[in-house]
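Asks: Here are the chains, one letter per residue:
There are 2 protein chains.
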Amino acid sequence: MYELTMLQAALADGTADRRCAFEVFTRRLPNERRYGVVAGTARVIDAVKNFRFTAEQLDGLPFLDGRTRTYLENYRFSGQIDGYREGELYFPNSPILTVRGTFAECVVLETVILSILNFDSAVASAAARMVTAAEGRPIIEMGSRRTHEDAAVSAARAAYLAGFVSTSNLEAAARYGVPVGGTSAHAWTLLHTDADGRPDEKAAFKAQIESQGVGTTLLVDTYDIRQGVANAVEVAGTGLGGVRIDSGDLGVLARQVRDQLDALGAYDTKICVSSDLDEFAIASLRSEPVDTYGAGTSVVTGSGAPTAGLVYKLVEVDGTHVHKRSRGKASHGGAKQALRACRSTGTAVEEVAWSIDEDAPDLGGVLNTVQLTVPLIRDGEPVDDLASLDESRDHLAAQLVSLPWEGLALSRDEPALSVRFIGL
Amino acid sequence: MYELTMLQAALADGTADRRCAFEVFTRRLPNERRYGVVAGTARVIDAVKNFRFTAEQLDGLPFLDGRTRTYLENYRFSGQIDGYREGELYFPNSPILTVRGTFAECVVLETVILSILNFDSAVASAAARMVTAAEGRPIIEMGSRRTHEDAAVSAARAAYLAGFVSTSNLEAAARYGVPVGGTSAHAWTLLHTDADGRPDEKAAFKAQIESQGVGTTLLVDTYDIRQGVANAVEVAGTGLGGVRIDSGDLGVLARQVRDQLDALGAYDTKICVSSDLDEFAIASLRSEPVDTYGAGTSVVTGSGAPTAGLVYKLVEVDGTHVHKRSRGKASHGGAKQALRACRSTGTAVEEVAWSIDEDAPDLGGVLNTVQLTVPLIRDGEPVDDLASLDESRDHLAAQLVSLPWEGLALSRDEPALSVRFIGL
Numbered sequence: 001m002y003e004l005t006m007l008q009a010a011l012a013d014g015t016a017d018r019r020c021a022f023e024v025f026t027r028r029l030p031n032e033r034r035y036g037v038v039a040g041t042a043r044v045i046d047a048v049k050n051f052r053f054t055a056e057q058l059d060g061l062p063f064l065d066g067r068t069r070t071y072l073e074n075y076r077f078s079g080q081i082d083g084y085r086e087g088e089l090y091f092p093n094s095p096i097l098t099v100r101g102t103f104a105e106c107v108v109l110e111t112v113i114l115s116i117l118n119f120d121s122a123v124a125s126a127a128a129r130m131v132t133a134a135e136g137r138p139i140i141e142m143g144s145r146r147t148h149e150d151a152a153v154s155a156a157r158a159a160y161l162a163g164f165v166s167t168s169n170l171e172a173a174a175r176y177g178v179p180v181g182g183t184s185a186h187a188w189t190l191l192h193t194d195a196d197g198r199p200d201e202k203a204a205f206k207a208q209i210e211s212q213g214v215g216t217t218l219l220v221d222t223y224d225i226r227q228g229v230a231n232a233v234e235v236a237g238t239g240l241g242g243v244r245i246d247s248g249d250l251g252v253l254a255r256q257v258r259d260q261l262d263a264l265g266a267y268d269t270k271i272c273v274s275s276d277l278d279e280f281a282i283a284s285l286r287s288e289p290v291d292t293y294g295a296g297t298s299v300v301t302g303s304g305a306p307t308a309g310l311v312y313k314l315v316e317v318d319g320t321h322v323h324k325r326s327r328g329k330a331s332h333g334g335a336k337q338a339l340r341a342c343r344s345t346g347t348a349v350e351e352v353a354w355s356i357d358e359d360a361p362d363l364g365g366v367l368n369t370v371q372l373t374v375p376l377i378r379d380g381e382p383v384d385d386l387a388s389l390d391e392s393r394d395h396l397a398a399q400l401v402s403l404p405w406e407g408l409a410l411s412r413d414e415p416a417l418s419v420r421f422i423g424l
Numbered sequence: 425m426y427e428l429t430m431l432q433a434a435l436a437d438g439t440a441d442r443r444c445a446f447e448v449f450t451r452r453l454p455n456e457r458r459y460g461v462v463a464g465t466a467r468v469i470d471a472v473k474n475f476r477f478t479a480e481q482l483d484g485l486p487f488l489d490g491r492t493r494t495y496l497e498n499y500r501f502s503g504q505i506d507g508y509r510e511g512e513l514y515f516p517n518s519p520i521l522t523v524r525g526t527f528a529e530c531v532v533l534e535t536v537i538l539s540i541l542n543f544d545s546a547v548a549s550a551a552a553r554m555v556t557a558a559e560g561r562p563i564i565e566m567g568s569r570r571t572h573e574d575a576a577v578s579a580a581r582a583a584y585l586a587g588f589v590s591t592s593n594l595e596a597a598a599r600y601g602v603p604v605g606g607t608s609a610h611a612w613t614l615l616h617t618d619a620d621g622r623p624d625e626k627a628a629f630k631a632q633i634e635s636q637g638v639g640t641t642l643l644v645d646t647y648d649i650r651q652g653v654a655n656a657v658e659v660a661g662t663g664l665g666g667v668r669i670d671s672g673d674l675g676v677l678a679r680q681v682r683d684q685l686d687a688l689g690a691y692d693t694k695i696c697v698s699s700d701l702d703e704f705a706i707a708s709l710r711s712e713p714v715d716t717y718g719a720g721t722s723v724v725t726g727s728g729a730p731t732a733g734l735v736y737k738l739v740e741v742d743g744t745h746v747h748k749r750s751r752g753k754a755s756h757g758g759a760k761q762a763l764r765a766c767r768s769t770g771t772a773v774e775e776v777a778w779s780i781d782e783d784a785p786d787l788g789g790v791l792n793t794v795q796l797t798v799p800l801i802r803d804g805e806p807v808d809d810l811a812s813l814d815e816s817r818d819h820l821a822a823q824l825v826s827l828p829w830e831g832l833a834l835s836r837d838e839p840a841l842s843v844r845f846i847g848l
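First to last, the sequence lines map onto chains U and R. In terms of our numbering, the first sequence opens at residue 1 and continues consecutively. In terms of our numbering, the second sequence opens at residue 425 and continues consecutively.
If we strip away everything but chain U, and leave its shape as in the complex, we get (with noise of 0.2 Å):
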């Protein structure tokens, strides 16, 4: 609403054509974590490529005057976005998108902007420290039943950008092409009763293995689970894929599972839990036998945190900086990049951010420095050489392990990096 509505007063006033900066950063991290993971500048970019008004929707808008109507039948960016590349680190006041042109036709970006990176960080910011956790085990995104159905799917792409192995979401694979993967649930083996109306639990195991193969996950809690495990190895031999945990205390559930399954001599079937697992959660069984972990309601909201809090601020009008003065909302006014100095070992250091017009500060040589802003959009139009979803998520790979140990600690704490800004 109030997009147009400012949109419709500087039609009148003359200073839509202004030209503009907007940024997208964040004051603080969530929770006093240590970093924040860019995601969704994928699908911002074609949300802006593709932003348009059609004469329905301007037709529900009877507050706009025939000017700024003409202005939004007319819509198309033709600015310029630079920015962090999907999968890059954030910090506090790192300037994570730039969007450059007249006041027009950046105000009217805001809301959609904010709303992709907003959603889509805070799913790979949490999705990242679990992976971390989970120390090189694969976690499987389940969680789509647990948030809106449209926000599951960006959710599977975020969990998958951040590194886990697949979802169970098979929009997320057809629009994204996200690994997809899934077990069973509950439902299957209470289906199965028998002619008396008992439970038959192995009738259940029976059919799952005959239509997906032997390699399947049973799921083996649904009465008991010791009787489960026994009657999973009893239906599919020892070379059952795998067996789900999904309810109770997982460590000790793992440990009796591995080694009843080993003493059936099913020594390859893996084990995977699930059930409201989140980042501690997979810490804590980190010594334990579990092979594969299911996260659900933990990642698709952010583990606490289930908006990255990013803001879009103007930060330049005609080449002048502007910044508000609220108190607690002070901003560095001016349209930026940054880069980030790296110690000979490849550790970060810290990032430093100064005017997007101007070449890199001199910092002395001592350090290496990584350019973190790139061009993203020009005239409109993306750029040719953006990174697909699996180089993004490679990235991401790439960075974490660039942060200082202590950084990827998932106990809370100051931010892992800060942002020095010069000339500004």
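Quick caveat, the hints were computed from the structure, so don't treat them as lab data. Just to be clear, a hint being listed does not mean it is correct.
For lysine to any residue, the following SDA-like pairs were computed, each having C-alpha atoms within a straight-line distance of at most 20 Å [unchecked claim]:
hint, chain 1, residue 1, chain 2, residue 2
1, U, K202, R, A436
2, R, K626, U, Q260
3, U, K270, U, Q260
Based on these hints, arrange chain R on the given structure of chain U.
Replies: Structure of chain R alone, referenced to chain U:
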């Protein structure tokens, strides 16, 4: 994924046509809240009615065998759905929604039903607490930018259902008829500079008033609030509609601004406050001269509970009650309906659940009973007299009044009502 692999296995082993009942309920309320609000029901009904698989979607699922593909090509839900009205209160184990049909037609609806109800109910449950905390003062929903771009539209709808007066999300207005409202951003003020590039707040206010009328709400905290209020009244006169404060200690500032407005003669100018308001912040401002609240992040993220934690469980197969015995996840078998028992004063005492196929149990006649479970879909078709969004909104407002008075408190405690099962 697992919905379709279970379907495929069920079509293969002959269990696909078993008559099943799945139930949506929650085992607990998040954050020890005292009630939840059912939201999203109308969206679920639409989603079920329109649930289809396109040829393109099926082409992307190479793991499907021919029989399963054919089944999905012709998919159309033909069963029964009963449940609580949208805007109804719920408690742990309330049978919010019951889906009956073949295993095949019910199992594939799990994710879409849960995604909608979990997200919408999370937002509505948080929003209802904010409305209670505001004690009749209007709250505007302005959180679109802090959640997924599609979820934002549903969040605006759910917040309105819960008693918010309007939203800044225009798509929610177009799609669901939610009233819209909006103010302006700090960018609007920052955009306005004089010929020397110096801040010119008065120019911003003047342009907004010329475009939007004197009834508009001016954002006064971009630079200095005291000067901002003075500028606002100087430009608009004492007929100014409102001022918004979006930073700082809102209680102290509201008092100072009220005094200043009154001293300037702007007695009727309203004060709107925003800035990460949740139900506790809203309650803490009860005694301050605040006229309107703007709530964003907290409402769209469920104020600490971004998902309602609802599950979709198989409870009946061919007339036999089923339930799993997983530790901590036990549930009650059988397709259910529910009523709420109330004293003659209207105060609710408990919920009672019994078989969906039987007459209401005799509770002794001392209490009045209200049927909670109503038909929503019959033979695949939505029933004729579904409630409108405004009717659901009114329904919720009436139900909140029926809670025992301690049930509306914001602090952590037991659920306000419990559910008693009879004959199950």
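Asks: Next step is simple, just say for each hint if it's right about the structure.
Replies: Hint check:
Distance check on the hinted pair: K202 of chain U and A436 of chain R sit about 16 Å apart at the alpha-carbon level, within 20 Å; holds. For the hint linking K626 of chain R to Q260 of chain U, the alpha-carbon distance of about 76 Å lies beyond 20 Å, and the restraint is violated. Annotation: proposed proximity of K270 of chain U to Q260 of chain U holds, straight-line Cα distance about 12 Å (limit 20 Å).
Figure legend: structure checked against the earlier numbered hints; the only hint not met is number 2.
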